[in-house]
Amino acid sequence: MRNQIEFEVSGKYALFTDPLTKLGGEKFSYQIPTYQALKGIVESIYWKPTLIWIIDEVRIMNPIQTESKGMRPIEYSGGNTLAYYTYLRDVRYQVKAHFEFNPHREDLVHDQNEHKHHNIAKRAVQVGGRRDIFLGTRECQGYVEPCQFGKGESFYDRIGELDFGTMLHGISYPDETGSNEREVRLWKAKMQHGVIRFIRPDECTLVRKAGEGTAKIFDAGNMQSVDDLHSEWFGNEVSE
Amino acid sequence: MSWLANLSKTYDDHADVVGQFEMKKSGKEYALIPISHTTQTAHIEVHLNEKGDIVNAKVVEKNDGSTIIPCTEASASRTSAPVPYPLFDKLAYVAGDYTQFCGEAKGTPYQDYLIQLKAWCESPFSHPKVQSVLNYVSKGTLIADLVDRGILHADHQGKLLEKWTAGSGEQEGEKPKIFNVIAADQSGAFVRFAVNIPGEPESRLWRDASVQQSFIQFYEMSLQDKDICFVTGNYLPVADKHASRIRHSGDKSKLISANDSSGFTYRGRFRTSRDAAVVSYEASQKGHNALKWLIDRQGTTIDGKVFLVWGSTSLDMPEPQEDSFSLWEDEDDHEALAGGDTTHKDFALQIRKAIGGYRYDGEYNSKHEVTLMTLDAATPGRMSIMYYRGLDQNEYLDRITAWHESCYWIHRYRKNKNDKPVLFIGAPATKDIAFAAYGPRASDKVVKGLMERMLPCIIDQRPIPLDIVRSSIQRASNPVGMDNWEWEKTLSITCALVNKKEGYGVSLNTETTDRSYVFGRMLAIADVLERSALGKEEKRATNAIRYMNAFAQRPGRTWSIIQSNLQPYQARMGTGARYYNSLLDEVGDKLQLEDFTDKPLTGLYLLGFYSQRNDLYTSKKDKEAAAVLDKDDENQLNEQGDN
Numbered sequence: 000m001r002n003q004i005e006f007e008v009s010g011k012y013a014l015f016t017d018p019l020t021k022l023g024g025e026k027f028s029y030q031i032p033t034y035q036a037l038k039g040i041v042e043s044i045y046w047k048p049t050l051i052w053i054i055d056e057v058r059i060m061n062p063i064q065t066e067s068k069g070m071r072p073i074e075y076s077g078g079n080t081l082a083y084y085t086y087l088r089d090v091r092y093q094v095k096a097h098f099e100f101n102p103h104r105e106d107l108v109h110d111q112n113e114h115k116h117h118n119i120a121k122r123a124v125q126v127g128g129r130r131d132i133f134l135g136t137r138e139c140q141g142y143v144e145p146c147q148f149g150k151g152e153s154f155y156d157r158i159g160e161l162d163f164g165t166m167l168h169g170i171s172y173p174d175e176t177g178s179n180e181r182e183v184r185l186w187k188a189k190m191q192h193g194v195i196r197f198i199r200p201d202e203c204t205l206v207r208k209a210g211e212g213t214a215k216i217f218d219a220g221n222m223q224s225v226d227d228l229h230s231e232w233f234g235n236e237v238s239e
Numbered sequence: 000m001s002w003l004a005n006l007s008k009t010y011d012d013h014a015d016v017v018g019q020f021e022m023k024k025s026g027k028e029y030a031l032i033p034i035s036h037t038t039q040t041a042h043i044e045v046h047l048n049e050k051g052d053i054v055n056a057k058v059v060e061k062n063d064g065s066t067i068i069p070c071t072e073a074s075a076s077r078t079s080a081p082v083p084y085p086l087f088d089k090l091a092y093v094a095g096d097y098t099q100f101c102g103e104a105k106g107t108p109y110q111d112y113l114i115q116l117k118a119w120c121e122s123p124f125s126h127p128k129v130q131s132v133l134n135y136v137s138k139g140t141l142i143a144d145l146v147d148r149g150i151l152h153a154d155h156q157g158k159l160l161e162k163w164t165a166g167s168g169e170q171e172g173e174k175p176k177i178f179n180v181i182a183a184d185q186s187g188a189f190v191r192f193a194v195n196i197p198g199e200p201e202s203r204l205w206r207d208a209s210v211q212q213s214f215i216q217f218y219e220m221s222l223q224d225k226d227i228c229f230v231t232g233n234y235l236p237v238a239d240k241h242a243s244r245i246r247h248s249g250d251k252s253k254l255i256s257a258n259d260s261s262g263f264t265y266r267g268r269f270r271t272s273r274d275a276a277v278v279s280y281e282a283s284q285k286g287h288n289a290l291k292w293l294i295d296r297q298g299t300t301i302d303g304k305v306f307l308v309w310g311s312t313s314l315d316m317p318e319p320q321e322d323s324f325s326l327w328e329d330e331d332d333h334e335a336l337a338g339g340d341t342t343h344k345d346f347a348l349q350i351r352k353a354i355g356g357y358r359y360d361g362e363y364n365s366k367h368e369v370t371l372m373t374l375d376a377a378t379p380g381r382m383s384i385m386y387y388r389g390l391d392q393n394e395y396l397d398r399i400t401a402w403h404e405s406c407y408w409i410h411r412y413r414k415n416k417n418d419k420p421v422l423f424i425g426a427p428a429t430k431d432i433a434f435a436a437y438g439p440r441a442s443d444k445v446v447k448g449l450m451e452r453m454l455p456c457i458i459d460q461r462p463i464p465l466d467i468v469r470s471s472i473q474r475a476s477n478p479v480g481m482d483n484w485e486w487e488k489t490l491s492i493t494c495a496l497v498n499k500k501e502g503y504g505v506s507l508n509t510e511t512t513d514r515s516y517v518f519g520r521m522l523a524i525a526d527v528l529e530r531s532a533l534g535k536e537e538k539r540a541t542n543a544i545r546y547m548n549a550f551a552q553r554p555g556r557t558w559s560i561i562q563s564n565l566q567p568y569q570a571r572m573g574t575g576a577r578y579y580n581s582l583l584d585e586v587g588d589k590l591q592l593e594d595f596t597d598k599p600l601t602g603l604y605l606l607g608f609y610s611q612r613n614d615l616y617t618s619k620k621d622k623e624a625a626a627v628l629d630k631d632d633e634n635q636l637n638e639q640g641d642n
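Protein chains in written order, with numbering that gives the first Met the number 0: chain A, 0 to 239; chain B, 0 to 642.
Simulated from the structure, these hints should not be mistaken for laboratory data.
On a predicted model such as this, the values are computed, not experimentally measured, just so you know.
A few of these clues could be false.
[What the hints assert, rightly or not] Residues from chain B that face chain A, not an exhaustive set, calculated with beta carbons under 10 angstroms: (1) Ser1; (2) Val230; (3) Ala257; (4) Thr264; (5) Arg268; (6) Arg273; (7) Ala275; (8) Val278; (9) Met382; (10) Tyr386.
[Claimed, not checked] With a straight-line cut-off of 25 angstroms between C-alpha atoms, the simulated DMTMM-like cross-links for lysine to aspartate or glutamate are: (11) Lys11(A) - Asp459(B); (12) Lys444(B) - Glu485(B); (13) Lys499(B) - Asp89(A); (14) Lys189(A) - Glu368(B); (15) Lys68(A) - Asp259(B); (16) Lys208(A) - Asp224(B).
[What the hints assert, rightly or not] Stretch by stretch, here's where chain B covers chain A in the computed footprint (C-beta under 8 angstroms, at least three residues): (17) 15-22; (18) 59-67; (19) 79-86.
Glycine residues also receive a C-beta, built at the ideal position from the N, C-alpha and C atoms.
With the hints as constraints, model all of the structure from the sequences given.
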């Protein structure tokens, strides 16, 4: 697909918190990553406000295993509390994602250079991403490597269909929807031979409102074009 | 499927047993409670007729007290503020003459109860029997009627007695039943109603499915607040509060709670807990009720930690924490094994047969899932899912089989139904592994931790954590520190753990030249030799046993001590020791010269020790017979060489 990147992300632990258990604080992980968690990983690899990343597919490579740990989260009224967090253990995912230009970013139309962004993104995958990668929650460090999607053996290759039921798809933020409302999206996840094909955020039918916000504005005040920077540094020299 | 969706599906799959009480071996009753219902212990049973007149009343026996009662979200989590249950409740709520007999009540419980009951009767989902109850309680004469019938007891001032003091002037005769079933005073008695209508088989309202259904529909109608449910994905009435009392009736912790309105568990991105997630009333009720039922039915609880396994097709599954013996414990034909069959093939067949009983035949394509779940609470208020795993049923059974067939040894510590010790070959229970690794006085906290750590070894076939194996080897190498039975148990369990990794098997391996194994064999021969020289009456530990710990650390040096200590016994036995001596030589031959050092032995020496000892004890007679036959041969030479 156009503008697509493929990579493998792995880590010792992952915690894609099930929202039901986030309420009480005894966090328990979903069995598979959410769309939003993968989007966050891709955005850590490379992101500009001009882009919207769309996650196409994820392939679960290792068997889904859980492990719990005793935690001492901070009690904001003072001191500590105790909790058990249940993590996924030893995870490895192959991800396929592509970017599209954000139609709600009229202020950044001049930056919509597909070829440029795609090449930067591919280089960013090569070096393991531009920023820290984490799997679901901050304490679960992840590592990105380029890969060919579908290559290698997955534990679930021979398992026809696994149903994960209703789960969180992600959160829609104002800068990508154009409206001033924040929305939570749900969807019904299914895995076929280890591969989960995500539906696009705008295809989600189970959407509920969860507060509001506004998109950050980007203009000449907080952004500088690379061409301007170039001419500022090197004058009118033409780069080779 | 998510955990709550899975549980709520389990509820739907077993809708046919909803509301039916079953009895556990311990005599405890449990049931799958319908949604919008809970259980309470009733003390008084009032029988009415169709018109709502009292016919009969009695005190409920203690073991018959469990009653399924309708409840609302508010009443299910009521504390000191009075919130009535919809149908059955305490006297303060259902008796109109409560103030007359017991003094003022807090709030207006009776009025609230009546309003709620009237609303039910006036709704489209009313039930004629509930109407009869309303007719009766509206009269407000319940306590008076009960006093008339000798169920409750009043004093001279016309107030209910606080407690029964036998022998005092005004209270004569035997202690009335009501004081036996209720711990507090009579005013706290819980009342349930039955309505006798001729021709209707079920008069007990708390067992009448149509009454339960009527309330469920009525209550559903009253739930107005709808939202998208995170479990089902449907637009449904929302649960405001979630169930507590999940592990047992005194348990306050909840799986879903949201009271951290000042911290940052969900606040930050979300303002209210409602923003973060919502669960429908139906999914929450079904899921939690199914979970409670499963825990009551087949959960294993240790120090508050619940281990639970259930299948989607048939609930009962072999539990991973159980030993092989319990697989065929309930069958009668396990005697065949106790008869001394020790070949691996026979034993594997036994395991497969026992586990095969759980496999499904028939439609192969449909889904049969097994779910493993472990729950525990770090703090009293919140409960956590510590382990959750869904597996295909056959795959699960394959893995359980593989565990029983790989982590096995001969065990002698189990007792059968007749309380006789039995021999079984198989895997030890994880609880017994904790016994071997940490000793019999290990606290429940340590035991439950080990049991959880063993789960991935059984389910995912991961290697057993080294610290557990090492600690067991350490304890098994120190027989002097414990009673004989305790040591034997520790030894056989440790052998199972070591065997899981090494795969040597129980039967003696005479070929191997592994240093630890061979040293273990020599120790066993020394032990058996001295034991037979001591005779049956002498119980003291042999030199081999006493030096076992040192032997494991410095085998080369310790062996020469053991051997020199053995000499008097060899002398006492005379020619009787011939066989042992020749065997010692034969085994010693396996040892390479460079292996005869003081390098500590690995756990494998326990296998060599056990197998050799077992071999000597079980087939000694055969071998002695064989030895006698060629006594003229090189045996004599060996004997001298050995000394």
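Hints, verified against the model:
1. Ser1: It holds, given that the least Cβ distance between serine 1(B) and chain A is near 5 angstroms, below 10 angstroms.
2. Val230: holds (6 angstroms)
3. Ala257: This interface hint holds because 4 angstroms falls under the 10 angstroms limit.
4. Thr264: With Cβ-Cβ at 4 angstroms, under 10 angstroms, it holds.
5. Arg268: holds (8 angstroms)
6. Arg273: holds (9 angstroms)
7. Ala275: holds (6 angstroms)
8. Val278: holds (6 angstroms)
9. Met382: holds (7 angstroms)
10. Tyr386: This interface hint holds because 6 angstroms falls under the 10 angstroms limit.
11. Lys11(A) - Asp459(B): holds (16 angstroms)
12. Lys444(B) - Glu485(B): holds (21 angstroms)
13. Lys499(B) - Asp89(A): holds (23 angstroms)
14. Lys189(A) - Glu368(B): Status holds; Cα separation ~16 angstroms.
15. Lys68(A) - Asp259(B): Answer holds: lysine 68(A) to aspartate 259(B) is near 21 angstroms, not above 25 angstroms.
16. Lys208(A) - Asp224(B): holds (15 angstroms)
17. 15-22: Result for this restraint: holds, n = 6.
18. 59-67: holds (count 6)
19. 79-86: holds (count 6)
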